[in-house]
Amino acid sequence: MSFDWKWDFTWEILPRLLAATVNTLIAAGAGYAIAVVLGLVLALAQRTPWKPLTLIVREFVEFIRSTPLVLQIFFVFYVGPQFGIRLSPWTSGMIAIGLHYSAYLSEVYRAGIDAVPRGQWEACRAINLSTRDTYFRVIIPQALPPSIAGMGNYLVGIFKDTPMLSVIGVAELMHAANAIGAENYRFLEPYTLVGLIFLAISLPTAGLVRLFEGWVRRKMGM
Amino acid sequence: MDMSAYPLELPADDRPMVRFMNVVKSYGRLVVLDQLNLDIAEGEMVTVIGPSGSGKTTVLRMLMTLETINGGVIYIDGKPLTHMERNGVLVPADERHIRKMRASIGMCFQHFNLFPHMTALQNCMEGPVQVLGLSKAEARARSEELLTLVGMIDKKDQHPSRLSGGQQQRVAIARALAMRPKVMLFDEVTSALDPEVIGEVTNVIRKLVAEHNLTMLMVTHQMGFARDISDRICFFYRGKIEEQGPPAALFGNPQKERTKQFLSAVKEAD
Ligand SMILES: Nc1ncnc2c1ncn2[C@@H]1O[C@H](COP(=O)(O)OP(=O)(O)O)[C@@H](O)[C@H]1O
Ligand SMILES: [Mg+2]
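Residue numbers (the working numbering), protein chains in the order written: chain A, 1 to 222; chain B, 1001 to 1270.
One or more of the hints may lead you astray.
Unchecked claim - Below, a list of computed lysine-lysine pairs in the DSS-like style, where the Cα atoms sit at most 27 Å apart:
#  : chain 1 : residue 1 : chain 2 : residue 2
1  : B       : Lys1240   : B       : Lys1260
2  : B       : Lys1207   : B       : Lys1267
3  : B       : Lys1156   : A       : Lys219
4  : B       : Lys1079   : B       : Lys1182
5  : B       : Lys1136   : A       : Lys219
6  : B       : Lys1100   : B       : Lys1182
7  : B       : Lys1256   : B       : Lys1240
8  : B       : Lys1155   : A       : Lys219
9  : B       : Lys1100   : A       : Lys51
10 : B       : Lys1136   : B       : Lys1079
11 : B       : Lys1155   : B       : Lys1100
12 : B       : Lys1207   : B       : Lys1240
Unchecked claim - Here are a few chain B residues that face chain A, going by a calculated C-beta distance under 8 Å:
#  : residue
13 : Gly1106
14 : Met1179
15 : Lys1182
As the list claims (entries may be wrong) - Which stretches of chain A does chain B cover? Using the computed rule of at least three CB atoms under 8 Å from a CB of chain B, they are:
#  : segment
16 : 78 to 88
17 : 92 to 102
Worth flagging that the hints you see were computed from the coordinates, not collected in a lab.
For every residue, glycine included, the Cβ atom is placed at its ideal position computed from N, Cα and C.
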């Protein structure tokens, strides 16, 4: 076995990988956007006074968290059509990954909401705020700063999980690296580059999230 | 429970601002308030004293509708608070009825409970804008007037984390007053404060008593303060009013043994 790194090959494939990186970022970003919103819906649904809904949502979250993401991706893409839901790989992928991470984010939000002191709820009732205003103007703004660290972890998580979308043919980074490898019978350079690109994006993200958290806290006077 | 004994509305000639009628509150098997009967007249300042765990906070929380009751009826200004009329009888109130009735009541808490992400002014404006539907300008004018009243106008743009306990409590009083309640509740509003700032909060309450015709129900451990400003003192013991009367009588000449014991115990602690 010999270690022969080919620089000319590296430069040749880099533009193609960087182009695929854009797709990866779009996939992660879109999936995350779905997860951020849907996660909040799931968290709030678990707090409604209507018990059946609470129960169903809790079971759903538990189900999502106990089964592999790749299975969920296959399920949406291959089983969906049997129910008349025919989606493109991109759409299926975004839905599956967004749904998956919404379950995790709902737990982050839930912990954040639970951490808001009881006195805040009581102050809202004392000035007669509606339930809606209580959540959106008082409770959620306070639940946000302590949730940011957890949200940041899952942002990196969703980014690192985008390669799984290659299994249904989403043209993201992993998909491109596989294609390059197969075409050229060389895997060392494409896979190494993929690893470096992931590292280069993941590493600073954690630091940026921490800065963002500090900024939000200051902005809110907390 | 037979609700026919409870009028749908109190008659005009017997209409206190607050009436607790046979009110029962229990947590599981623990009966915290047992058949409480208490009237508070319009403009009256009533102070509740009593040992820890005697149910003082619970009385206020029921009135603020933070707790449901297990028996009896509470009336505000003659109308049932905890119940509403359906087919000629009183049934437990739904959320809509409670929200409507709750508008008459304001409360200040031991730990202030200001909204930490809002400035003092925003705290005061929140209810008037979101609940009463005032314009921003109207709400601001009203809030600034009240922040002036409590001596906090120069700190109106500060967040609670930048204010001392006494200052936070004064903002909390302004926030409650901004809703123009008919009845104000104060639950040990000075208990969490350093001794040197207690006066700035009690002075605000004194001012309210002197200048405003608010009905007030207060829980405090400051006997001197209670004596000065109350029209009536209620001594609670194990979920019942053991003794009540004008401050001079209750402090100067208590009738019940338990009242005497409690008052001498507090005096020693002072
Ligand atoms: N949420 C609750 N669950 C169970 N017991 C409670 C609860 N709140 C209050 N209690 C009990 O009710 C009694 C009266 O409490 P409280 O009204 O707070 O007393 P006080 O304000 O006079 O000290 C106490 O024995 C207390 O332990
Ligand atoms: Mg208490």
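Okay, the hints, checked on the actual structure:
1. Lys1240/B to Lys1260/B: holds (16 Å)
2. Lys1207/B to Lys1267/B: holds (26 Å)
3. Lys1156/B to Lys219/A: holds (17 Å)
4. Lys1079/B to Lys1182/B: Roughly 13 Å between the alpha carbons, so the hint for Lys1079/B and Lys1182/B holds.
5. Lys1136/B to Lys219/A: holds (21 Å)
6. Lys1100/B to Lys1182/B: It holds: about 13 Å lies between the C-alpha atoms, which stays within 27 Å.
7. Lys1256/B to Lys1240/B: holds (13 Å)
8. Lys1155/B to Lys219/A: holds (18 Å)
9. Lys1100/B to Lys51/A: holds (26 Å)
10. Lys1136/B to Lys1079/B: Distance of about 31 Å is beyond 27 Å: violated.
11. Lys1155/B to Lys1100/B: violated (32 Å)
12. Lys1207/B to Lys1240/B: Distance of about 30 Å is beyond 27 Å: violated.
13. Gly1106: With a minimum Cβ separation of about 6 Å from chain A (threshold 8 Å), the hint on Gly1106/B holds.
14. Met1179: At 6 Å from the nearest chain A Cβ, Met1179/B passes the 8 Å test, so the hint holds.
15. Lys1182: violated (13 Å)
16. 78 to 88: Coverage by chain B is violated for the segment 78 to 88 of chain A (0 residues, Cβ < 8 Å).
17. 92 to 102: Coverage by chain B is violated here, the residue count being 0 at a Cβ distance below 8 Å.
Going through the hint list in order, the structure does not satisfy hints 10, 11, 12, 15, 16 and 17.
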